[in-house]
Amino acid sequence: MSNKKNKKLSPTQQEYQSFAKSREPKRPVLKNCLRAFFVGGTICLIGQFFQWFYMTYFEFTDVTASNPTVATMIIIAVLMTGFGVYDHLAQYAGGGTIIPVTGFANTVASAAIEHRTEGYVLGVGGNMFKIAGPVITYGVVSAFVIGLISLALKALGGM
Amino acid sequence: MLHGHQTWVFPTKPVILASAAVGGPFEAKGPLADDFDILHDDIWLGQESFEKAEKKMLEQACEKAIAKAGLKKEDIQFLLSGDLMNQIISSSFAARTLGVPFLGLFGACSSSMESLALASLLVDSKSARYALAATSSHNGSVNKQFRYPTEYGAQVPPTAQWTVTGAGAALVAQEGDGPKVVAATIGRVIDMGISDPFNMGVAMAPAAVDTIQAHFRDLGVGADHYDVIATGDLGRVGHHIAGDLLQKHNVEIPAEVFTDCGLLIYSEDQPVMSGASGCACSATVTFGHFLNRLRKGELNRILIVATGALLSPLSYQQKESIPCIAHAVAIER
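Sequence lines, in order, name chains A and B.
Take the first sequence: its letters are residues 18 to 176, numbered as in the working numbering.
Take the second sequence: its letters are residues 38 to 370, numbered as in the working numbering.
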């Protein structure tokens, strides 16, 4: 906890929070990291298999094969979300299922399913990007900033 | 009748003529399944939305309690009900179906005992012959409003709790056979600055402790007065902390007396992390399990301390801490 947050708390509150903190179970960080590594790695391995598949049996290069690969992974993740499997896998895998593109597909699909009851426009349309929205917003903003830096470096003859 | 600082004693001892508990498929797998009157195998209950399913369960709990008492809806003077949905829609919409004069309450998960305390007060003061106290919660609708979509793959920490899908109702009457409501302590709002909504048990434990201490002080009794003292939905983490806090304040409650509804409703192998939560947690466990045990004579006196976290999805996004409350009701055979 930061000092700034601590200042807002009364001494009683601070005392209770440290009292409670010592009795709370911690997140099993090491176990979570290992699980995330193996499940996330397995997802990437499956993706690698599809890339190989599209390159071997279709007219794709290693660059162009990424499009059908990503699409396939997204379809699988959306289906798993719809069948109610993905969230259980995620409780086990944590970051391992969030980081790959499948995690992004899950955020969009789960929100769309959840808000179906409020109709297609206000429900599905309005809420589909409820969780994925910030990722897109800040993804675009950071890409823009990195682009500017890259452009500036090039102009200065640095790259 | 006011007794002490914040406790009502009911001299006429209003009777819980009948009570009902309704649960979902997950509750049906728990150890208290036999204490439910109605168990559903589908969390949707055949409805179009989780919200409608919750409303349906609340209606069923109310109707079942009225039927068990051998009464009709027209006999009930007042319905007191609360739930977790925005603008307490589950309660209001169920009240629309029942057509009983209605007082809507919001005490979050403390609604079960808030409604029972007020219903008993109405009956005790002869303002009602029959008053119905009810509450409900639904895992899907609560997750949708307070957390993430049901199918979203986020890992929850070990302090998180599982919201009970269910509803409970208790019919309080001036006379008849059944467990009697003898006293109720209305809690203060306690905020210890916890702002993590995945850590409700820790946030609510001080409120439960405050209300238990107030109850003992106001009535001049100790823990030995009760066979069971059960908090509402502190879960494993909150229960442990509440026990330690009580000890720190020199209030001794034996381990076999002090329990938590959130620990009783599910079994160890159900993946609920720290335990159960939600309005229906204390409602179904009390109005089902505990009242049945009182009726069977296994228990003589119990104190239920329903705990509530008074946050909203907006308040926690604005980084507000979680104000908590607990209301205690003493019931005897």
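The set of hints was computed from the structure by calculation and includes no laboratory data.
The structure presented is a predicted model; accordingly, all values stated were derived computationally and were not measured.
We put the beta carbon where it would ideally sit given N, CA and C, even for glycine.
Any given hint might turn out to be false.
[Claimed, not checked] Under the rule of at most 25 angstroms between Cα atoms (straight-line distance), these lysine-lysine pairs were calculated in the PhoX-like manner:
no., chain 1, residue 1, chain 2, residue 2
1, B, K285, A, K147
2, B, K217, A, K147
3, A, K43, B, K285
4, B, K285, A, K38
5, B, K50, B, K89
6, A, K38, B, K50
7, B, K50, A, K25
8, B, K50, B, K105
9, B, K333, B, K50
[Said to hold, decoys possible] Computed far set for chain B versus chain A, every beta-carbon distance over 10 angstroms:
no., residue
10, K66
11, F87
12, T196
Hint check:
The suggested pairing of K285 of chain B with K147 of chain A is violated, with an alpha-carbon distance near 44 angstroms, which exceeds 25 angstroms. Between K217 of chain B and K147 of chain A the alpha-carbon distance is near 48 angstroms, which puts this suggested pair outside the 25 angstroms criterion. For the suggested pair K43 of chain A and K285 of chain B, the alpha carbons sit about 23 angstroms apart, so the restraint of at most 25 angstroms is met. A C-alpha spacing of about 16 angstroms is found between K285 of chain B and K38 of chain A, which places the hinted pair at or below 25 angstroms, so the restraint holds.
Between K50 of chain B and K89 of chain B the alpha-carbon distance is near 36 angstroms, which puts this suggested pair outside the 25 angstroms criterion. For the suggested pair K38 of chain A and K50 of chain B, the alpha carbons sit about 42 angstroms apart, so the restraint of at most 25 angstroms is broken. Our distance criterion of 25 angstroms between C-alpha atoms is broken by K50 of chain B and K25 of chain A, whose separation comes to about 45 angstroms. Pair hint K50 of chain B plus K105 of chain B holds up; C-alpha atoms about 20 angstroms apart against a cutoff of 25 angstroms.
Of the pairs offered as hints, the one joining K333 of chain B and K50 of chain B holds, with about 19 angstroms between alpha carbons and a cut-off of 25 angstroms not exceeded. Remark: the non-interface label on K66 of chain B is consistent with the geometry, its nearest Cβ contact in chain A lying 16 angstroms away (cut-off 10 angstroms). Once the 10 angstroms rule is applied to beta carbons, F87 of chain B is inconsistent with being away from chain A; the minimum gap is 8 angstroms. For T196 of chain B, the requirement that its beta carbon stay farther than 10 angstroms from each beta carbon of chain A is not met, with the minimum near 6 angstroms.
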